[in-house]
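Chain by chain, the residues:
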Amino acid sequence: MDIFLQQVINGLVQGSLYALVALGYTMVYGIIELVNFAHGEVVMVGALVGLSVIERIASRGDTGWGVIAIGVLVAIPSCMALGLGIERVAYRPLRKAPRLAPLISAIGVSIALQQMAALIWGRNYLHYPDVLSNPQFHIGGAVITQVQLVILATTGILMLLTWLIVQKTALGRAMRASAQNPSVAGLMGVNVDRIIALTFLMGSGLAAVAGVLVGTYYGVGNHTMGFMLGLKAFTAAVLGGIGSLGGAMLGGLLLGVIENLGAGYLGSVTNGTIGSNYSDVLAFLMLIAVLVLRPSGLMGERGSEKV
Amino acid sequence: MPRQLIPLVLSLITLGLVSCGKTSAPNSATSGEMTVLIGASNPMTGPQAHLGKDNENGTRLAIEDANAQGMTIGGKKVKFELVSEDDAADPKTGTIVAQKFVDQKVSGVIGHLNSGTTIPASRIYSEAGIPQISPSATNPKYTHQGFKTAFRVIPNDTQQGGELGRYVASKIGAKTAAVMDDTTQYGQGLANQFEEAAKAAGVMILTHEHTDDKATDFQAILTNIKAKKPDIIFYGGMDAQSGPMMKQIRSLGIPAKFITGDGGCSTEFLSLAGTSGEGAYCSLPGMPIEKMPRGEDFKKHFNAKYGEIQDYAPYCYDAVMVMIDAMKRADSTVPAKYLPELAKSNFDGVTAHISFDDNGDLKGGVITVYQLRSGKWVALETLGAKP
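Chains A and B are the protein sequences, given in the same order. Take 1018 as the starting number for the first sequence in this note's numbering and just add one per residue. Take 2 as the starting number for the second sequence in this note's numbering and just add one per residue.
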């Protein structure tokens, strides 16, 4: 039982990170129906900018959560600027183009960012400085570390905040309106270009936080780290129903837990014929099953409010 | 002809001349100097780029040193030239690189770094008759396919896994072990050899789990392992995984000892694992660099040019030197001519005295076990036949 609990805890932590990244995918998709494949790379840049800042401060001997917080505070504006830049350079000129064009442009941006990061930070796996003592807490035989708790709390707060902004503020209303019908929203006095830019801004900010948290959690940063994470987060967004905020959160958490339980129990259930390395296969099988039964994802509804 | 076209045509002609000159250079009999191409294939991108760069540096250093000696082979002054390619540690890319080397007519190949790329590529070199010396591929299969062109200057995993399995039982005193690998030909091969030897030495293997060579999250697998309470965890794979894995082992509160093969025995592991790595064991084929016949000199020589040695640079250096030595004895750089001499090598290298058995494996190789103590790999013991 304690093992089950441990797998669920690990899954929730991993899943909440997926969810944070998935929010960025789903918000952009909701408004301009574009799968922003460069989003994973924004997370990577956030993680590496954070790493550089944290390393600089840590080398003076400072430790603790304050250092991580400063890393996050520097990473957020960097990623926001990057997100805005990507939208301006790679997507806005293609707004009226066929849908395949911005998709290809997104993949191009993703490769360009990876190579740029490799030039700036090198190709080695970089070590995220140890600035935390990271005490462990025991719950019914399972272990949860302080970093895990902070990840759960931070992602929870950020998800709530995003939901509040989208549902309760004038800005959020404008976003939802632009998602439903950009031209009518424009006629009602909504500056759609500005709203799209703001969506990228929010998504990139969340990506920056996710990047620093991922780096702190696993202790490594590398120019290729955004790729798989982005793919998983995108999967989470599709699983939950792309375009839906709640869907991204649910999809992320679900994907994390399924992966961990899969890795934990596939081996013992199948008596070793299918090992823990098949957990990704299980996760994607789940995705296929969900899409067959509910093509719009768990929480996505055809024609409903997007964003 | 329109005036604008003239520069274009001129440049095309020059290009043609240059490329002709390049392809015919290795065999040109007219010039006094002969250029001999030596291929080196390593992962220069991806998680193992740091090891790839290290290998390339070791190879380049040897080639520069050989050129500085100013050798004459077959009556002509010889200039060796390194052709370095990126195989991304990917078996498919590895075979593409191999084909490229064959098409370029390289005289020999130093590589590849990984067993997973070395084994499929070795067939292509064998068919083209080009000698290949891997500085770091340790999977036994590489030299056991019946290819006359395949050599290595590092002990294989039958030996490494075997020694480690016995070491865990006899010296560390573990009764139970959990085995993990990265499902590559290197990682899984080593893990299987370890498992076999440890079992034979009376260690109970509680579980054998798999991950991959790009993963960073091992919590689910480790949680499984935690439930089984092993005395020691063995990982067959590279440092980019074992470093973060080590951290997660400790943050999950698993008290088990940790041991890994040569893929994790690097300076990179130290920084990735941080303080969690304290007490971890690893093994490297061969002697510790300080105890290698000419290790100290090599270290100084290498550090002055490229900084810290990661793992296999000295082996790359030796691989090049053994190859050139065979060319000298055969008085030819033609693969078919010097290959028989290469098989008969009897060379005092930086890492060891190098001679090959019938398969192309290093004779009398040894394995050294290291432990991480106060942030440094400390050599504990050298196992196996003394050279």
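Hints listed in this document are in silico derivations from the structure and should not be mistaken for laboratory results. For clarity, every value in this text was computed on a predicted model and none was experimentally measured. Built from N, CA and C at the ideal position, the CB exists for glycine as well. One should not assume that every hint holds.
Said to hold, decoys possible - From the derived model, a few chain A residues whose C-beta atoms are all more than 12 angstroms from chain B:
1. Leu1022
2. Val1164
3. Leu1246
Claimed, not checked - Here are a few chain B residues that face chain A, going by a calculated C-beta distance under 7 angstroms:
4. His51
5. Gln189
6. His211
7. Ala221
8. Gly254
9. Pro256
10. Ala257
11. Gly275
12. Val335
13. Lys338
14. Glu342
15. Ala344
16. Ser346
A quick look at each hint next to the structure:
The beta carbon of Leu1022 of chain A is not kept farther than 12 angstroms from every beta carbon of chain B, the shortest such distance being approximately 10 angstroms. The claim that Val1164 of chain A lies off the interface is violated: its Cβ sits roughly 8 angstroms from the closest Cβ of chain B, which falls inside the 12 angstroms cut-off. Consistency note on Leu1246 of chain A: stated as away from chain B, yet its beta-carbon is not over 12 angstroms from all of that chain's, at 9 angstroms minimum. Taking 7 angstroms as the C-beta contact cut-off toward chain A, the hint placing His51 of chain B at the interface holds, the least distance being around 4 angstroms.
The criterion of a C-beta within 7 angstroms of any C-beta in chain A is not met by Gln189 of chain B, whose closest approach is roughly 10 angstroms, and the hint is violated. Interface restraint check for His211 of chain B: the shortest CB-CB distance to chain A comes to about 4 angstroms, inside 7 angstroms, so the restraint holds. Of the supplied interface hints, the one on Ala221 of chain B holds, with its beta-carbon coming within about 3 angstroms of a beta-carbon of chain A, less than 7 angstroms. With 7 angstroms as the threshold, the beta carbon of Gly254 of chain B comes within range of chain A, its nearest partner Cβ sitting at about 5 angstroms, so the hint holds.
With its C-beta approaching chain A no nearer than about 12 angstroms, Pro256 of chain B sits outside the 7 angstroms limit, and its interface hint is violated. About 14 angstroms separates the beta-carbon of Ala257 of chain B from the nearest beta-carbon of chain A, more than 7 angstroms, and the hint is not met. A hinted interface residue such as Gly275 of chain B counts as satisfied when its beta carbon comes closer than 7 angstroms to some beta carbon of chain A; here the least separation is about 5 angstroms, so the hint holds. Checking Val335 of chain B against chain A: minimum C-beta separation of about 36 angstroms lies over 7 angstroms; hint violated.
Taken as an interface hint, Lys338 of chain B does not check out: its beta carbon lies about 39 angstroms from the nearest beta carbon of chain A, beyond 7 angstroms. The interface hint given for Glu342 of chain B is violated, since its Cβ lies 37 angstroms from the closest Cβ of chain A, which is over the 7 angstroms cut-off. Nearest Cβ of chain A to the Cβ of Ala344 of chain B: about 36 angstroms, over the 7 angstroms cut. The hint is violated. Hint status for Ser346 of chain B relative to chain A: violated, with the closest Cβ pair at about 34 angstroms, above 7 angstroms.
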